[in-house]
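Line order of the protein sequences matches chains A and B.
Offset between the first sequence (1-based) and this note's numbering: plus 462.
Offset between the second sequence (1-based) and this note's numbering: plus 462.
It is worth saying that the hints were derived from the structure and are not from the lab.
The beta-carbon is built from N, C-alpha and C at its ideal position, and this holds for glycine as well.
Don't take every hint at face value.
Said to hold, decoys possible - Some chain A residues judged to face chain B by a derived CB distance under 10 angstroms, without partners named:
| hint | residue |
| --- | --- |
| 1 | 499 |
| 2 | 657 |
| 3 | 724 |
To be verified - Below, simulated BS3-like cross-link-like pairs (lysine-lysine); rule was C-alpha separation at most 30 angstroms, straight line:
| hint | chain 1 | residue 1 | chain 2 | residue 2 |
| --- | --- | --- | --- | --- |
| 4 | B | 749 | B | 632 |
| 5 | A | 699 | A | 504 |
| 6 | A | 699 | A | 592 |
| 7 | B | 509 | B | 632 |
| 8 | A | 699 | B | 529 |
| 9 | B | 615 | A | 509 |
| 10 | B | 699 | B | 767 |
| 11 | A | 509 | A | 749 |
| 12 | B | 749 | A | 592 |
Below are the chains, spelled out letter by letter.
There are 2 protein chains.
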Amino acid sequence: MPEPNNWHMEKAQIPRPDTNQFLARALYLSVDPYMRGRISAKQGYAKGVEIGDLMPGGAVAEVIESKHPNFREGDLIETIQFGWQDYSVLNGDGLTRVDVSIGPAHAWLSYLGMPGITAWCALNNIGQPKFGETVLISAASGAVGQVAGQIAKNKGCRAIAVASSEEKLKWCKNLGYDRGVNYRTSNDLVREFAEVCPNGIDIYFDNTAGIIHDAAMQNLALGARVIIVGTISLAEKFDEPDMGERFLRQILVSRAKVQGFLVFDHLDSYPEARRSIANLHNKGELKFKTDFMDGLENMPAAFLKLLHAQNMGKQLIRTEFAEGLPE
Amino acid sequence: MPEPNNWHMEKAQIPRPDTNQFLARALYLSVDPYMRGRISAKQGYAKGVEIGDLMPGGAVAEVIESKHPNFREGDLIETIQFGWQDYSVLNGDGLTRVDVSIGPAHAWLSYLGMPGITAWCALNNIGQPKFGETVLISAASGAVGQVAGQIAKNKGCRAIAVASSEEKLKWCKNLGYDRGVNYRTSNDLVREFAEVCPNGIDIYFDNTAGIIHDAAMQNLALGARVIIVGTISLAEKFDEPDMGERFLRQILVSRAKVQGFLVFDHLDSYPEARRSIANLHNKGELKFKTDFMDGLENMPAAFLKLLHAQNMGKQLIRTEFAEGLPE
Chain A
463 MPEPNNWHME KAQIPRPDTN QFLARALYLS VDPYMRGRIS AKQGYAKGVE
513 IGDLMPGGAV AEVIESKHPN FREGDLIETI QFGWQDYSVL NGDGLTRVDV
563 SIGPAHAWLS YLGMPGITAW CALNNIGQPK FGETVLISAA SGAVGQVAGQ
613 IAKNKGCRAI AVASSEEKLK WCKNLGYDRG VNYRTSNDLV REFAEVCPNG
663 IDIYFDNTAG IIHDAAMQNL ALGARVIIVG TISLAEKFDE PDMGERFLRQ
713 ILVSRAKVQG FLVFDHLDSY PEARRSIANL HNKGELKFKT DFMDGLENMP
763 AAFLKLLHAQ NMGKQLIRTE FAEGLPE
Chain B
463 MPEPNNWHME KAQIPRPDTN QFLARALYLS VDPYMRGRIS AKQGYAKGVE
513 IGDLMPGGAV AEVIESKHPN FREGDLIETI QFGWQDYSVL NGDGLTRVDV
563 SIGPAHAWLS YLGMPGITAW CALNNIGQPK FGETVLISAA SGAVGQVAGQ
613 IAKNKGCRAI AVASSEEKLK WCKNLGYDRG VNYRTSNDLV REFAEVCPNG
663 IDIYFDNTAG IIHDAAMQNL ALGARVIIVG TISLAEKFDE PDMGERFLRQ
713 ILVSRAKVQG FLVFDHLDSY PEARRSIANL HNKGELKFKT DFMDGLENMP
763 AAFLKLLHAQ NMGKQLIRTE FAEGLPE
């Protein structure tokens, strides 16, 4: 498990843009589980961070100086390639223009951004929910889980929340989840899942791996889909083998599908996902909670809060430049 | 692990058919890994066998007395519901008519029957092989593996055999497999798979679970498909949890799909599968080895031979009534 002193902050001259570049300053910095993988020695989807490197991370930022023909001062953008810093020089590749008429700037890092699109693509493209099915979601009040639960309800499914506190489960109830299970206080998660999913789990939206995964695998319905979206519960033993019970017999007997998900494989679905989520939000059918913490210097604290499941909703860092923006 | 004295043979009067029934006598009895599941206390796809019950099993049989309008003496049929016995009264439901112009009678229990259809449906419907991909197959010289490997080659894939002896691997080479790995003599299966699959495993056709599965999961290519067809290596610890390393991070990082397969979910594909396999065989592009043992009394021995991976090809029991039939 990482600790606060794994990072240190450096001050430097604000960089200047070259031709076809612009300088942007962060309004909101995103705090995401995938960052755990980037500081691991194990192979991940992307190159790991070397000691001394800038931490990778996404942000919503404002263009403050531009030598790029397509961007001008005051433009708002969202990019995954900003880093844990206040200022960044960018070349305009692979970013999203933030349209505040669709949702507030910070939402482009949550329900209108990667977490929301992850929820939509994983549930629809891999899970393929059918009316009346039971969908169990771990980290149900997190950035991805909140959206996934509400999409599942919108599809006519029963949605079951798994979270780490009564406060989070209360929020999940408010979002429309039918039932909730507190995995930290449960004495027998296998039995509790059996009780709240009497016909078995048709879709398990797995944001966590670990004990929640294990109990879900013992309650699969015939033809179940298990979507491996995140493995945050393995944060503590990230570089060790994950030992425990395996469920190949259950996969065989239920003819279940266990599939790994990465949002970047679903670029074609982004426009539809964002449109669909914005539409739900406009109709008042999508609620969302964001956990703001102030100041770049608090990035390590915010990240550790997330790894310890102490955040309440999407975890963000708000910089001084976001002052006065709507929440 | 079951032992010979788990079974005993009973003699009884040969039953007589009632209206809409017929009496058949077995020519060949099928010996299959799924039978291990049926004598387990754990939940399987089908109801387990109680102590004192008839062991379930398939056969190719000859109708010797009929009160059924659609069957007459001398008809040959294949059915999964015959049982470990010489004679059975059947009602004609869910069986296949054996056409010896397509292949010899016993082939309807192997490449023209459930094992062949399993290989075809699992590989094509779940694995969806593409030209040039690498397909790793465990129990590669078994009833399912022999057919799967040759279909993979026919699709333009590299086929890698995993088996328990040099003799089996030699046969796999003869079938067209590109490379072979002996899992019993290997010191480091993970490294060996990496050597024979330098671009990773695109499809792992898993007939075994266990150590072969574990090593395959550490060599997945991006977008890999892992088809869980059988778990025979768990035969010894069938009623205990299967403990060991889990591979959720690998599934996530490779965006792999791990899916359980049961042939009965693919009834719609049977005609195409059988036609396609018969066609390969007729063109001389499908070789197949069958391991015959004589006499009903040897069913337990044949089954244990299979569980201990000592069979060479599809394991069958040939009864006295099959005398003189072509092999």
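These are the hints, each one checked on the structure:
| no. | hint | verdict |
| --- | --- | --- |
| 1 | 499 | holds, 8 angstroms |
| 2 | 657 | violated, 18 angstroms |
| 3 | 724 | holds, 5 angstroms |
| 4 | B/749 to B/632 | holds, 13 angstroms |
| 5 | A/699 to A/504 | holds, 11 angstroms |
| 6 | A/699 to A/592 | violated, 36 angstroms |
| 7 | B/509 to B/632 | violated, 38 angstroms |
| 8 | A/699 to B/529 | violated, 67 angstroms |
| 9 | B/615 to A/509 | violated, 35 angstroms |
| 10 | B/699 to B/767 | holds, 17 angstroms |
| 11 | A/509 to A/749 | violated, 35 angstroms |
| 12 | B/749 to A/592 | violated, 43 angstroms |
The structure fails to meet hints 2, 6, 7, 8, 9, 11 and 12 from the earlier list, while all remaining hints are met.
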